[in-house]
Amino acid sequence: MTRSDIETAERLGRKRARMWPVLAFLFVAQQGAYFSIPADDAARAVDHVRVGAWVVLSAVLLLILATGGFWRHSKAVRALLNDEVSRAHRAEAMSLGFIVSMVFALVLYATVGLEAVSVRQAIHIIVSMGIVTALIRFAMLERRALGDG
Amino acid sequence: MGDVLINALRDYRDARGWTQADLAEIVGVSRKTINTVENGIFVPSTVIALKLAAAFGVSVEELFSLEG
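Taken in order, these protein sequences are the chains called A and B. Here this note's numbering is used: the first residue of the first sequence is 1, the next is one more, and so on. Here this note's numbering is used: the first residue of the second sequence is 150, the next is one more, and so on.
Because the hints were derived from the structure by calculation, they are not lab data. As the structure is a computational prediction, the values presented were derived from the model and not from experiment. All C-beta atoms in this analysis are idealised placements derived from N, C-alpha and C, irrespective of residue type, glycine included. Among these hints, one or two may not hold up.
[As the list claims (entries may be wrong)] Pairs of lysine-lysine, DSS-like flavour, derived with a Cα cap of 30 angstroms: (1) K200(B) with K75(A); (2) K200(B) with K15(A); (3) K75(A) with K15(A).
[As the list claims (entries may be wrong)] Cβ-Cβ distance ranges computed for the label pairs, FRET-style: (4) S214(B) with E92(A): 24 to 30 angstroms; (5) Y109(A) with R165(B): 41 to 47 angstroms; (6) E210(B) with V22(A): 42 to 48 angstroms.
[Unchecked claim] Covered stretches of chain B, going by a simulated chain A footprint (3 or more residues, C-beta under 8 angstroms): (7) 181-188; (8) 209-215.
Only chain A is shown next, with the shape it has when bound in the complex (with noise of 0.2 angstroms):
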């Protein structure tokens, strides 16, 4: 482990902190384009594209959250970026997502006869907001451990 490593490791984590936060947001604008999708339209091919789209972007998402991301780094730089302090942060902040997204699945089903969501819309509703808080979550314990925020 060099100082090279460290100092790469550092530049990387302050960009991982101000990135996710992007990530998250841009994560919540694309539900727009799903949830705009009208229920007597949603067998066009179009739809199917959308959909798809966000299962392959909240699959990468969770994957960057469960592995801290910057796979193409060297193992040094890896292991610095998911050091002791950014493991503890990420098991807080997934356990804070996990929370959210139970929070959400209790409200739809508690709201089930009041609203009409489809069972696509509700397991959309939950993993995305899993998987935001948990980014922001992170985010948030990043920037004040690394002195940003």
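Knowing the structure of chain A, use the given hints to seat chain B on it.
The following block gives chain B in isolation, referenced to the frame of chain A:
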């Protein structure tokens, strides 16, 4: 369990004229780890505590203690 861990990391580091990055390189952790431990934001594992103590050539008890 409201125990608060206090540390003398900054004192030892300053005494040696090391920056956080210097200490991070010696211990083999990120500067963020040093920063969070030093400021009491993060309670390090036993492994990191031992590495920090070894870097300064002191015991863990000299570096870390419980408040009160």
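Now the hints, each set against the structure:
1. K200(B) with K75(A): Roughly 21 angstroms between the alpha carbons, so the hint for K200(B) and K75(A) holds.
2. K200(B) with K15(A): Given pair K200(B), K15(A) holds - Cα atoms ~28 angstroms apart, limit 30 angstroms.
3. K75(A) with K15(A): Roughly 18 angstroms between the alpha carbons, so the hint for K75(A) and K15(A) holds.
4. S214(B) with E92(A): 24 to 30 angstroms: Holds, at about 26 angstroms.
5. Y109(A) with R165(B): 41 to 47 angstroms: Violated, at about 59 angstroms.
6. E210(B) with V22(A): 42 to 48 angstroms: Given about 44 angstroms between the Cβ atoms, the range holds.
7. 181-188: holds (count 4)
8. 209-215: Since three or more residues must qualify, the claim that chain A covers the region 209-215 of chain B is violated, with 0 doing so at under 8 angstroms.
In terms of the numbered hints stated before, the structure departs from hints 5, 8, listed from lowest to highest.
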